[in-house]
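**Q** If you want the building blocks of each chain, they are given just below.
Protein chains: 2
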Amino acid sequence: MTKADAKAGFLDQVSWNSDGLVPAIAQDVQTGRILMMAWMNRESLAITASEGYAVYWSRSRNKLWRKGESSGHLQQVREIRLDCDGDTLLLLVEQQGGIACHTGRASCFYRTLAGDEWSTTQPVIKSPEAIYESPEL
Amino acid sequence: MTKADAKAGFLDQVSWNSDGLVPAIAQDVQTGRILMMAWMNRESLAITASEGYAVYWSRSRNKLWRKGESSGHLQQVREIRLDCDGDTLLLLVEQQGGIACHTGRASCFYRTLAGDEWSTTQPVIKSPEAIYESPEL
Numbered sequence: 000m001t002k003a004d005a006k007a008g009f010l011d012q013v014s015w016n017s018d019g020l021v022p023a024i025a026q027d028v029q030t031g032r033i034l035m036m037a038w039m040n041r042e043s044l045a046i047t048a049s050e051g052y053a054v055y056w057s058r059s060r061n062k063l064w065r066k067g068e069s070s071g072h073l074q075q076v077r078e079i080r081l082d083c084d085g086d087t088l089l090l091l092v093e094q095q096g097g098i099a100c101h102t103g104r105a106s107c108f109y110r111t112l113a114g115d116e117w118s119t120t121q122p123v124i125k126s127p128e129a130i131y132e133s134p135e136l
Numbered sequence: 000m001t002k003a004d005a006k007a008g009f010l011d012q013v014s015w016n017s018d019g020l021v022p023a024i025a026q027d028v029q030t031g032r033i034l035m036m037a038w039m040n041r042e043s044l045a046i047t048a049s050e051g052y053a054v055y056w057s058r059s060r061n062k063l064w065r066k067g068e069s070s071g072h073l074q075q076v077r078e079i080r081l082d083c084d085g086d087t088l089l090l091l092v093e094q095q096g097g098i099a100c101h102t103g104r105a106s107c108f109y110r111t112l113a114g115d116e117w118s119t120t121q122p123v124i125k126s127p128e129a130i131y132e133s134p135e136l
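Protein sequences appear in the order of chains W and F. Residues 0 to 136 in numbering that gives the first Met the number 0 are what the first sequence spells out, letter by letter. Residues 0 to 136 in numbering that gives the first Met the number 0 are what the second sequence spells out, letter by letter.
Hint data in this document are derived by calculation from the structure and do not stem from the laboratory. Among the clues, some could well be false.
Each pair of labels, with its calculated beta carbon distance range [what the hints assert, rightly or not]:
#1 68(F) / 49(W): 19 to 27 angstroms
#2 132(W) / 125(F): 27 to 35 angstroms
#3 126(F) / 126(W): 47 to 55 angstroms
#4 19(W) / 113(F): 20 to 28 angstroms
#5 60(W) / 96(F): 22 to 30 angstroms
#6 113(W) / 57(F): 35 to 43 angstroms
#7 84(F) / 68(W): 13 to 21 angstroms
Covered by chain W, according to a simulated footprint, are these stretches of chain F (three or more residues, beta-carbon under 8 angstroms) [stated by the list, open to error]:
#8 9-23
#9 47-58
#10 65-72
Cβ atoms here follow ideal geometry from the backbone N, Cα and C, with glycine treated the same way.
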């Protein structure tokens, strides 16, 4: 990963946690909508910065997660920001397909607290079955 | 904390991590700007929901953090959202004073990746010295 090595400086300024990860928030650059929150390790941030598409670290699968690789819902990265403590990233992205969530919704934050309950307040745009029904799977 | 106990249901639906915490993103409800990311435990979410002002859990000080208690920069909470996995919260807030960051900037995400470097792209609105120079300190 030559490109990533060459860019070690900005990677060193990130305060990775004890697992070598930081939270990364994805925000739609056009609408301002918060799409999702996932995790990045050093390698995923290096690849994201060099390739321009969001690559996260999947904690459940314990491997790099190229967002959209199975759904087609890639996130083209327009800007990468770092917070004051250096321990959280913000990606401003163009969300391909207008769907970030694996449930087929625009955003993963589709539940809103109403009184004592979480109420679903965003529609499913495309069913998960339809999203993941691509030939390559 | 009677109110919190009464609302145990929605608290139980949050997937707290092994430390009993989840990340909470604060977004300005009017501008859509991402202000900060902090952490919440069960008690801080219960209080936030019942009182309507953001209360986080400070991992460095290991105690409840009533946002704005020393700076005056309270966050009035208009909406609380939960993501698909139940392990991240999103708060839509009105940021009092227009400053969320302890550096005196509107947002904590004031550094943008430019080439191989993090570049500061947001101005200080009010110096930290001025912010934290209140009589009660």
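**Q** Hint by hint, note whether the structure agrees.
**A** Comparing the hints with the structure gives:
1. Hint check: residue 68(F) to residue 49(W), Cβ distance near 42 angstroms, so the stated range 19 to 27 angstroms is violated.
2. A beta carbon spacing of about 53 angstroms between residue 132(W) and residue 125(F) contradicts the range 27 to 35 angstroms that was offered as a hint.
3. Distance hint check: the CB atoms of residue 126(F) and residue 126(W) are about 52 angstroms apart, consistent with the given range 47 to 55 angstroms.
4. At roughly 24 angstroms, the beta-carbon separation of residue 19(W) and residue 113(F) lies within the given 20 to 28 angstroms, and the hint holds.
5. A hinted range of 22 to 30 angstroms for the beta carbons of residue 60(W) and residue 96(F) is inconsistent with their spacing of about 42 angstroms.
6. The hinted window of 35 to 43 angstroms between residue 113(W) and residue 57(F) is violated, with their beta carbons roughly 28 angstroms apart.
7. In this structure, residue 84(F) and residue 68(W) meet the distance hint of 13 to 21 angstroms, their C-beta atoms being roughly 19 angstroms apart.
8. Residues of the stretch 9-23 of chain F with a Cβ under 8 angstroms from some Cβ of chain W number 3, which satisfies the need for three, so the listed coverage holds.
9. Counting residues of the stretch 47-58 of chain F whose CB lies closer than 8 angstroms to any CB of chain W gives 1, which falls below the minimum of 3, so the coverage claim is violated.
10. Counting residues of the stretch 65-72 of chain F whose C-beta sits closer than 8 angstroms to any C-beta of chain W gives 0, which falls short of three, so the coverage hint is violated.
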